[in-house]
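Q: Protein chains in written order, with the numbering used here: chain L, 1 to 659; chain C, 1001 to 1128.
Bear in mind the hints are in silico, worked out from the structure with no lab data behind them.
The C-beta atom is built at its ideal place from N, Cα and C for all residues, glycine as well.
The list that follows gives simulated cross-link-like pairs (lysine-lysine, DSS-like), each with its CA atoms no further than 25 Å apart:
#, chain 1, residue 1, chain 2, residue 2
1, L, LYS420, L, LYS263
2, L, LYS457, L, LYS227
3, L, LYS4, L, LYS27
4, L, LYS468, L, LYS227
5, L, LYS283, C, LYS1023
6, L, LYS5, L, LYS86
7, L, LYS27, L, LYS86
8, L, LYS27, L, LYS5
9, L, LYS468, L, LYS205
10, L, LYS443, L, LYS243
11, L, LYS295, C, LYS1033
12, L, LYS295, C, LYS1097
13, L, LYS152, L, LYS525
14, L, LYS287, C, LYS1013
15, L, LYS283, C, LYS1033
16, L, LYS457, L, LYS467
17, L, LYS263, L, LYS273
18, L, LYS287, C, LYS1097
19, L, LYS27, L, LYS525
20, L, LYS194, L, LYS57
21, L, LYS634, L, LYS5
22, L, LYS445, L, LYS457
23, L, LYS194, L, LYS474
24, C, LYS1023, L, LYS287
25, C, LYS1033, L, LYS287
26, L, LYS120, L, LYS4
27, L, LYS100, L, LYS57
28, L, LYS283, C, LYS1013
29, L, LYS152, L, LYS59
30, L, LYS273, C, LYS1033
Stretch-level coverage of chain L by chain C, calculated; a stretch enters the list once three of its residues show a Cβ under 8 Å from a Cβ in chain C:
#, region
31, 298 to 309
32, 400 to 409
Pair ranges (Cβ atoms, derived):
#, chain 1, residue 1, chain 2, residue 2, range
33, C, ALA1092, L, GLU284, 28 to 36 Å
34, L, ALA276, C, ALA1125, 22 to 30 Å
35, L, CYS338, C, ALA1092, 50 to 58 Å
36, L, CYS338, C, GLU1093, 51 to 59 Å
37, L, GLN255, C, ARG1024, 42 to 50 Å
38, L, THR414, C, ALA1125, 21 to 29 Å
39, C, ALA1092, L, ALA351, 54 to 62 Å
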Amino acid sequence: MRIKKLELSNFRPYFGSVRVDFSTNEKSPVCLIHGLNGYGKTSLLLALNWCLYGHEKMKDAYEYFNINARSERNATMAVQIVFENKGHELTVLRRIACSKPVNSVRDLGAMELAFYEDGKKRQTMDPQVIQELINELLPPEASQFSFFDGEKIEMYSSDGASEATQTAIASVLGLTLLNRAQEDLDKYAIEVNKTRRRLLEHEEKGRDLAAEIQMLENNIQEALRQKNAIEEKCSELQLQENKLQDQLVMQESAQSLMADIGKLQEKIDLAEKNRAELAEEIKESTKTLYLEILKPILSDQLVEARRNRDVLMNLHVSSVRDEALAELFRKIEKEGSCICGRPADGQHLEALRRVLNPADLEPGSELAGNGLDDARLIVSQLEAALALCHENGSYAEFAARLADLENDIDEWATSLSAKKSQLGISDQEAIVSLTEELDRVQKEKAQAEREAGSLEKTISDFQADRKKLENRIKQLSGQIQGLDLLTAQVDILNRGSQAFGEIVRRSAVAKQNEIQDASTAFFQKITNKAFAYERMIINPDFSFGVETNTGARPPMQLISAGEKQVTALSFILGLNEYTRRQAPIFMDTPMGRLDETHRRNVARVLAEMANRGRQIILLVTDTDIAFGVDEILKPVIGANFDIVHDQTSLTSRLVRRQS
Amino acid sequence: MSGAERTWGGASKVYTTRYETYKRITDSENPHKFSRLIDAFHAAAAVGIRLRAVPDTGGTEKREELVNVYSIDPDGVLWAVMSAIHPEASGAERFEKLMIYADQGIERLEEGFTIYGNLQMALDALLG
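The whole structure should be built from the sequences, with the hints applied where relevant.
A: Okay, here's the thing in structure tokens:
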């Protein structure tokens, strides 16, 4: 497999589009790309890796985006590699197209990955499928031994590099999946463990909450106890209040009774006063009581007296007339002539007597005249007496009033006596004392009721808190249900990881002798102490070492940096050889710390590999190919390229040297 | 009767055989009794006149002085009624009859008073 072409667009210092054609003849598969430090050699190695495997972080892509292109609208960063493999042309294209100037990672467009086989694009929407095709073409674990930076391979030979070495061996042994599985298990174990720890925290939190609930429960019980005590106190106070109110009502009734008694007493006093006044009036009226008694008889006697008087009056009038007629007859008889002018003869006188009847004259007429004065006096006295009766005569009325008044007084006195007998001990001081006591009890009761209400609210709050905590615990319980399972999972994952690690380790151990041999083959060709060193050692802990002809194994701390690079390079090339993939070797500044002899030895090894048809692309500085290196490689060099760098625009381009 | 004279036959004192009765039925502090002897006499005489009472004992009981005659009839009422009911009697006779009426009247009044407790009710019972 060879790299035919590499095309960069706006990648790192390569502004615009840069195309490199690595086509050479079969016998000169080495390409040298010359460039000074900072011109963009490593950028080509980065472009290769980015194109094939991308990067998880878009930040890296942002940093790769050419600084001049970032300000352009619709700029695209792209790397395209054309491989030739078993007669087919395979093209990998990775690019990021932007619709606006790139000022931050957020301005980057979506990353696109395409795979072409003999110019025909693989149609899939899933970039993972494309990535799988690429990985199949050149697995990333193998590519690290094909595309590498000579200055960074020392990590395999540095102190404590056993893990990298083991990983590298595992990679070439195809145990990467196990490695990845182990890593995945570790990662998953870590994640699961995080979840488990979170659940443990939840469990702990649950215990804390349970303790909190218990505390709340204690508080609730205490508050309930207090509330019950206060309610009991309220009941007692209520009883006291009722009792005091009853007493007060009794006292107030007594007061009312006293008021009634006072009113009755006032009425009685007033009645007594009226009675005294009435008694005076009765005293007066008894003076004329006899008139009232005599009034009927006076009336009867007056009628009788008036009749007697009238009889006597008639008798008196008749008497006077008869006397006058008698006197007239005597005068007519004496004079002999009548008053009518006729002679007073016997016949005429007889006629007069018959008409005037003077014989009716009674002898008692004089008596009648005497009794008339007495009769008149009696009538007048009786009339005067009756008049007096009419003027006076109120004893009966006064007596009736007095009787009524005394009845009233008796009735009131009876009522007063009854009320007084009802009235117990009562005084204003007692009422005031009772009122004050009642007020105190009512205030105390109100305070107790407020406290009970407050406690009720506190209890309600506590209960609400407890319910919340219980719900929270319920939630946590639901969450920590899988805790045991997670613990088991973590255990299984850890054991799985350990198992995979052990498999990898044992596999690596099983193959490390073969890899050690392959590496030793390169080591013996590259080292300038082949006379002294017997072989390169990969220790059981996957650290490197060297063994002398005498079997001694000097500590690596005593080995020089150059020799460490030699062991690392030998290890890389050994692994590469071991993979037998024939992938192109793309080395960045491979000579690094090596001395002249080592450099030439490396050149010879590379030339030897080139002679076997391996494509080798070396990114070199002038020093890398000095000391005869270029002479050693010259027969196998198919093309030379120069990286031309513009210091003003800080951009680079690749120019193929004309042979 | 001869002549229109308001006289009691020249008597100067009123005597009674019921002096103790008069004392019992007279009390100036008790409105149900008579406050003065003269008032008791007037009422007793009036009751006797109304009842036309006559003495049972024939006037043999001991008489005691009760009041003066000049105070008994200032308005002539007793004279008028005694003259009306005893027109043929002399002043002295009328006076004698008046004292008899009074003695009988006071006796009856006390009886009624004892029964009824007050004068008015006693009078109502006596005179109907």
